[in-house]
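Residue numbers (the numbering used here), protein chains in the order written: chain L, 82 to 457; chain G, 82 to 457; chain Y, 82 to 457; chain E, 82 to 457.
The hints are simulated quantities; they were obtained by calculation from the structure and are not laboratory data.
Where hints are given, some of them may not hold.
Pairs count within a copy or across copies, as identical chains cannot be separated in the list.
What the hints assert, rightly or not - Computed list of lysine to aspartate or glutamate pairs in EDC-like fashion (alpha-carbon distance at most 20 Å, straight line):
id, residue 1, residue 2
1, K262, D112
2, K233, E160
3, K233, D182
4, K443, E84
Number of protein chains: 4
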Amino acid sequence: MAEIEIGMGKSGRRGYSLDEVTIVPSRRTRDADDVDLSWQIDAYQFDVPVIAAAQDGVTSPDSAVELSRLGAVGALHLEGLWCRYADPEKFLAEICDLSPDHAGERLRAIYEAPVDPELIGARIAQIREAGATVCVAVTPARTESLLPHIIKAEPDLLVIQGTVTSAEHVADGAHDPLDLKHLVRRLEVPVIVGGCASYQAALHLMRTGAAGVLVGIGSGTTSTTGTVLGVGNPQATAIADARSARMRHLDETGVYVHVIADGGMTTGGDIAKAIVCGADAVMLGAPLARATDAPGGGAVWSMTAAHRTLPRGLLEHVEPVGTLEQVLFGPSDRADGRSNLMGALRKTMAVTGHGTVKDMQKADLAVVAHPNGIQS
Amino acid sequence: MAEIEIGMGKSGRRGYSLDEVTIVPSRRTRDADDVDLSWQIDAYQFDVPVIAAAQDGVTSPDSAVELSRLGAVGALHLEGLWCRYADPEKFLAEICDLSPDHAGERLRAIYEAPVDPELIGARIAQIREAGATVCVAVTPARTESLLPHIIKAEPDLLVIQGTVTSAEHVADGAHDPLDLKHLVRRLEVPVIVGGCASYQAALHLMRTGAAGVLVGIGSGTTSTTGTVLGVGNPQATAIADARSARMRHLDETGVYVHVIADGGMTTGGDIAKAIVCGADAVMLGAPLARATDAPGGGAVWSMTAAHRTLPRGLLEHVEPVGTLEQVLFGPSDRADGRSNLMGALRKTMAVTGHGTVKDMQKADLAVVAHPNGIQS
Amino acid sequence: MAEIEIGMGKSGRRGYSLDEVTIVPSRRTRDADDVDLSWQIDAYQFDVPVIAAAQDGVTSPDSAVELSRLGAVGALHLEGLWCRYADPEKFLAEICDLSPDHAGERLRAIYEAPVDPELIGARIAQIREAGATVCVAVTPARTESLLPHIIKAEPDLLVIQGTVTSAEHVADGAHDPLDLKHLVRRLEVPVIVGGCASYQAALHLMRTGAAGVLVGIGSGTTSTTGTVLGVGNPQATAIADARSARMRHLDETGVYVHVIADGGMTTGGDIAKAIVCGADAVMLGAPLARATDAPGGGAVWSMTAAHRTLPRGLLEHVEPVGTLEQVLFGPSDRADGRSNLMGALRKTMAVTGHGTVKDMQKADLAVVAHPNGIQS
Amino acid sequence: MAEIEIGMGKSGRRGYSLDEVTIVPSRRTRDADDVDLSWQIDAYQFDVPVIAAAQDGVTSPDSAVELSRLGAVGALHLEGLWCRYADPEKFLAEICDLSPDHAGERLRAIYEAPVDPELIGARIAQIREAGATVCVAVTPARTESLLPHIIKAEPDLLVIQGTVTSAEHVADGAHDPLDLKHLVRRLEVPVIVGGCASYQAALHLMRTGAAGVLVGIGSGTTSTTGTVLGVGNPQATAIADARSARMRHLDETGVYVHVIADGGMTTGGDIAKAIVCGADAVMLGAPLARATDAPGGGAVWSMTAAHRTLPRGLLEHVEPVGTLEQVLFGPSDRADGRSNLMGALRKTMAVTGHGTVKDMQKADLAVVAHPNGIQS
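Just chain L, with the same shape it has in the complex:
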């Protein structure tokens, strides 16, 4: 770990974003047909290593079913509109029409409705009955209170996700903190937990018994965490640090915990870079919100945008690029890399000669000065 002296009394490591790296093809190439994108976590097998983000503009019960049909998986946020309202469609339509500059107030009002435990069960059942893999998400703060309802509904995968989530949460005596170390081992459902952005944080989350760790703080398109809180770590470095934690944890326990890159990816090339840095899979928000059949109708936001006293997210409108199927598998009629994400990933693995996602993690990277790929 090479330290940079920021000043005589403080040092830090250099953090690199995905924009600052590029994948360097080497001596071998491969047919794109000969590339396998499949991903397995716990007992669940997926055709592509993609989780749709637990955001109301990205994952609804319907889009979760469609994503499952396409070989991916969508994480339904159990504190989102689908578990606050029986019929959230009108609110989704309203949000889609909000001006980004003045969305905060209305978002706060819409998200003030309480989470309805009954709806948790109903939404999970709805997805399962359609034959899809059921992946649901909660925040650490609500995990304790919502857990009984979740367990009862028997989802396949549980995501426990906050802006920053740690295995050791300190609280004053007044209330019990969430103890992830005991909680995760107690559950039968495999748990994915995050976000985190450092070796130590990832390692300790892995030690909770989680099946996967979400890597990324403040890296989402709509997040202003970096500006408001000053926290984060550029995504290439965060993933590569988590990869190192995964190796150590595997050495210590024999258990392989998945590193799931969350945020900061726009194109299939970005997904490929995240994998080369060490990701086993990716969680995508804005890239999937561009689908014409995404629930947000082109709007993308996270619940932190609706925070009552310290909002840390924006509402953004993204340009539609086709159906979820086209976004993932093309055909693409545009050269900006925003559709056929999996076709691009497949092609990148082909031109670097790698046949599986795991093998792709060995590709070479170069560090570059110019964002957005290569200049001259």
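Starting from the known structure of chain L, fit chains G, Y and E onto it as the hints suggest.
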């Protein structure tokens, strides 16, 4: 101190701005309620580690009282309009309406009125009588002449502040230079002195007996010192260097001198970064000028903008974001981090697991390429 | 090879673009008249080290003849419009009028016409009969099927060029991969093969027996490979790595394989930088498309822009700057370096005191932060 | 000399521009009144270390006289309009009205008039008779032919200046190259020679017997040398390298050769940075063209903009900021540092505690990422 060879005959150290660092959460988090933001310098205790800048658009007798009520402190500039005019309100209103492009000439005219020693006493009394902590500022050049009037008025804290202030000022025989080394020890009022931006300068200012040192040269929003004079040092490095000077001075003398970061901060995240670099407290100008009850009515400028032969500052208009209370404590209805600065600082300390400002100085930093937080 | 730690689990080398280097004159200068720009590959001698890119907007049978007359050489793409249509002029004219934002669909349609083997023979004959050097290009994927027709037509030089081309292509059992190692040695025509962007890739391509290797992935003006696929390597580093491969291959075999920089150059200064990095010659697309007698009429695009499922290129319109002769040899009436490219290269070699292209490879480079040459 | 590996086959040093450095005040300050800006080269003493550039928009016989009165010196180009035309005023007025985008053709026509040897004598006499220091400039290419006329007219200082000038110029047998080594020692007039931008080039120019060396290639405001030719070296590095050459030459010979930074400076802060890098004086073009009494009427261009086949310069219009006296000595009514350049330099020396230009060369520098001074 790693030196970079600029050319074969000259080397220098790399200086980092606050935009070039980000705070990396680690394995521990904490409840925001369990975070203590208080700050004590000499005998004075504050709820939050914030000094409002000695600028006429930021600190007036009234705003100083309000800031004190909120747990912060405001530094009234004794060479500002409040000590040049009995009724400066009309000038403040006029300045607020000036076009930034042509403000210089009018500012020069308005600031040509002499400082009235009577008003010094009156302003200090006015603040004290309102029950607020009295903090006043002078420039080194005027310190000698104004000091008798200041001492007589008995402020609680005295700020001696110039663009660049050193403990060793060389002057020709014609007039006596200000000898800070003798002056500061002679005074009973605790003194905060600056600006400086290097280890040596900070160390020597500490050795004058000052209670605090202001760190930052050319880092303020409206300053053009970097362009006009070519001097400065990016703020993250300047603070971390001063932190090292504080350690050395503490080791030599047993006296802890406070490092106060001055300028270059816009959000609570920026304040958090300054603290992690080593600051004990921050001096804020433009961020507080955004308050609807700031005396400048949204205009912010420093007196160097009114310099007769070599102006080194601009008049800028900032967008109002709420009352001083909202700027400091929210609630915020915007996601750009410009209000609820202390709520953001509290949250940042929570997500990095630190309970006090002093403890927060131990948090991890990463060095990043992209300004304004994290990109991907 | 200095590795940078991207994160604890992944490292990479720093890659530099041509914009990040500048040529530093040293103690010796030379008359521009005393500079020799000639280049010889295999039995073919050229006055200037320039190959016009195998793009339909750049090289047609007519422009290939004109380029030959001027001492350069043009590579006619045998999968381009001239071998798909007997009279492609109307399609070229139509493409020239397409709006860049909506060109993809029409390009796909135009390029759906099959390649006509008869036309391959006719185009090669047309160029040869005009007395020009015949250089033709194919993609690796079509090489096997088109080769009999190409060999029969007896071109002087054969370019086998894909976005990423390797000496070891892995394919499943269903079809035979192109085995460059056997193919190139079997051919009597000298082969130039690429693109590649790393030491290993270049070395293995050299070992196929190629006369030249094209260096550059995603570096062309219209390429979005870096964005869509995330692959590439900045051009200065890619060329310098290939130079090292050339040295090793020369040491192992005694055979000098030419390094041909492809893409990322706009001015004669850029060409000079590529040479100093190690290039023996350059392949130019957009810079030559600026000629009033270029076949694209000012439009420039590569065939990847017409890809059916994953387009990775744009159509761009470039400003005309004069005839091909003026672009290469001036006189220039503009100070932006876009015409008189060879005059500029000659002048750069003069002010750095180098008499031949090979000698110019020894010039000094500085690494700079600011793109587009020198700032202050 | 720390080398950076650009690629495996080529390395280079990092070059820094003046925008990438900032002057860091240290423990000592000084009264601005107590600062001496004087400069002496050979027998000539100047109040300020400033040479006005040998450009027709900057130095005319009249402005040379005014600059001399102000304590600076102007270099009249003997190949400029004043020695091509008896009455060049109308051409200057016409150039001032040219549109930058289409100035090249007209400039070429205006500069096609031959240099008139008679006018050389007349212009030199005109300046000398006004009591000013006479400094004149020629290009290396014309030095041999114009020298008899120059010597006869007895200027005080002679500048031999080309884009890149070396002590060893190689030419074919057809004509004799300019041999600076013999020429300079043969002359009685002190010679300033350049430009150069490296240690070796500066050292060898010093060994010709020159009194001063101009440092800067492609660093002028209107120069496109960096783009067109790809040559240059960022100015901070070029100056610091020349400083090292000065030390070596002084050690070898006991002779102190002046390093004169040419180009790349806009403000007094930039001039101060150049001095800290190692400059003894500066040559200024665009900053002085901003004077209302500059001969170009606000237009600035170099003769390379009028090159017949390979123009490497632009015509630019700069905003007027006051008389030459105001530009140099103020008072300034603007905060952008473009007037009162010497007042700013004096202030910078004061806040860093340095009393003379020579002493100022010892000040500390920091390397920064953000151009235009300091960000946060």
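Outcome of the hint check:
{"no.": "1", "hint": "K262 x D112", "in the structure": "between (44 Å within a copy, 17 Å between copies)"}
{"no.": "2", "hint": "K233 x E160", "in the structure": "within (16 Å within a copy, 61 Å between copies)"}
{"no.": "3", "hint": "K233 x D182", "in the structure": "neither (40 Å within a copy, 51 Å between copies)"}
{"no.": "4", "hint": "K443 x E84", "in the structure": "between (25 Å within a copy, 15 Å between copies)"}
Checked against the numbered hints above, the structure violates only hint 3.
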